Amino acid sequence: MTYLHNIGTYFMMIGQMFHKPTKWSVMRRLVFKDIEDLIIGSLGIVSFISFFVGGVVTIQTALNIDNPLIPKSLIGFATRQSIILEFAPTFISIIMAGKVGSYITSSIGTMRVTEQIDALEVMGINAVNYLVFPKFVALMLYPFVISIAMFLGIVGGLAAVIFGDFGTVDDFITGVQLDFIPFHIFYAFLKTIVFAFVLATIPSFYGFYMKGGALEVGKASTTSFVWTSVVIILLNYILTQLLLST
Amino acid sequence: MIEVKDIEKSFGDARILKGISTTFEEGKTSMVIGQSGSGKTVFLKCLLGLFTPEKGEIIYDGRPYSGLSDDQRSDLRAEMGMVFQGSALFDSMNILENVMFPLRMFTKQSKSEMADRADEVLKRVNLEDAHKKMPSEASGGMQKRVAIARAIVNRPKYLFCDEPNSGLDPRTAIVIDNLIQEITEEYNITTVINSHDMNSVMEIGQKIVFLKDGVKAWEGSNKTIFKTDNEAVTNFVYSSDLFKKVRQMYLEERQ
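Protein sequences appear in the order of chains A and B.
Count along the first sequence starting at 1, add 11, and that's the number in the working numbering.
Count along the second sequence starting at 1, add 2, and that's the number in the working numbering.
Treat the hints as calculated values from the structure; they're not laboratory data.
From a predicted model like this one, the values you see are computed outputs, not experimental measurements.
For each residue, glycine too, the CB sits at the ideal point set by N, CA and C.
Mixed in with the good hints there might be a few duds.
[Claimed, not checked] Distance condition first, Cα-Cα at most 25 Å in a straight line; then the derived DMTMM-like pairs of lysine to aspartate or glutamate:
| id | chain 1 | residue 1 | chain 2 | residue 2 |
| --- | --- | --- | --- | --- |
| 1 | B | K57 | A | D129 |
| 2 | B | K214 | B | E27 |
| 3 | B | K134 | A | E47 |
| 4 | B | K7 | B | D63 |
| 5 | A | K110 | B | D93 |
| 6 | B | K47 | A | E227 |
| 7 | B | K20 | B | E165 |
| 8 | A | K222 | B | E165 |
| 9 | B | K110 | A | E132 |
[What the hints assert, rightly or not] Counterexamples of contact, computed for chain B against chain A with all Cβ distances above 12 Å:
| id | residue |
| --- | --- |
| 10 | T25 |
| 11 | E27 |
| 12 | G39 |
| 13 | K47 |
| 14 | E59 |
| 15 | D72 |
| 16 | D73 |
| 17 | A132 |
| 18 | D164 |
| 19 | N201 |
| 20 | E205 |
| 21 | T226 |
| 22 | N232 |
[What the hints assert, rightly or not] Computed footprint of chain B on chain A, listed as stretches where at least three residues anywhere in the stretch have a Cβ under 8 Å from a Cβ of chain B:
| id | segment |
| --- | --- |
| 23 | 32-39 |
| 24 | 123-129 |
| 25 | 133-145 |
One chain only, chain A, in its complex shape (with noise of 0.2 Å):
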């Protein structure tokens, strides 16, 4: 019953953030902070991560093929393979989900314990489109960041390639260009943008509708990854299913 709840809640809650708007002198603003906090704020840690897991991606890809008859521009298929069809949407947004949705449920979860919802409500504003919808405009340039995981990643991938000798550079972007099917791309960006409506709504309702103290904001924070990161998967799965199987 608590879950039937909760999707009820969460479904409601994405209605209010469309009702009512802010003042649009006042939401550019807050969307621009949150700009600042959830994108750029974010651009170190997904750089370092895309360009050494597209490192990792390629020495394994590379030592796991023995077998002569098969072409060395594999590596760079593969690597990019990976990464634009999983790594980069899918894996950027689990680790995205602990970083940018930890601090979304912590920060709104703050200000429920400490009555600045309660305040914002008392003077008349939709507390919900006020701080939710200026999440959920910011993660709209997800797919920015994930357009540099994606090219971070492969140039990690021909670093490994270069640094570990394990072919040479103009087989790696053979492979790279090998059988490039456009619709991977939008494959891709498309899962970005579901996943950045998740990275901002579930955090959010977590951190809106929680109750009680300090200790409580701590264990929404954690619900919150664990539910954003179970959502990314199953809706991973399923828009895998209807987009990609013939």
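Given chain A's structure and the hints, the job is docking chain B onto it.
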């Protein structure tokens, strides 16, 4: 003026408010007192429109809350100011921005007009030099004064305060009490304060409503509370030794 007519509020099987009726007049500081769990906070949240009573009516200057549309309720809320127990200042904004916040949300004033008005109310609460401070850098008393400034900046008709003195030393508490009373009289606001601080009650309680187990057990003022024979009130008021002595002195003086 706020008229409360026979309101009832329950949560599940628990009846919190059991038919409360009273009136809060403009230009007067009215206090709702009672022990913890007596229903004070639920009553205040009903007045604020955060809880909807199952029965009864709250009328704000002739406007019954239940008959208002969503837009009219929003307009009514814009006429309310609230001072929270923990001040509830927005910690991402400095003191000036906190005070300007209601103006930014509800008026079309230019930035300089908003800053001038915020400056004026900050001066009114004796905080001329704290504009750029963040709430975390301000003391408890300072935060309360900022909360009062934020509550009155948009010239509200109704001011609600939930335990405005909690966590303050007695001297600062008196400053806050006097400030609320002065502002109430100066701007002719209908002020309702939730409190169980008897010093405040004696200092500024021009009207006092005593709640016990969700029922209005007594109504009067700081001038009449000493004279009442209502057992529930006397038990509450004279639970403090200080007030016991004051009452004894009062009775001796009368004899």
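Quiz item: Of the numbered hints stated previously, which ones are contradicted by the structure, given in increasing order?
Solution: 13, 15, 16, 18
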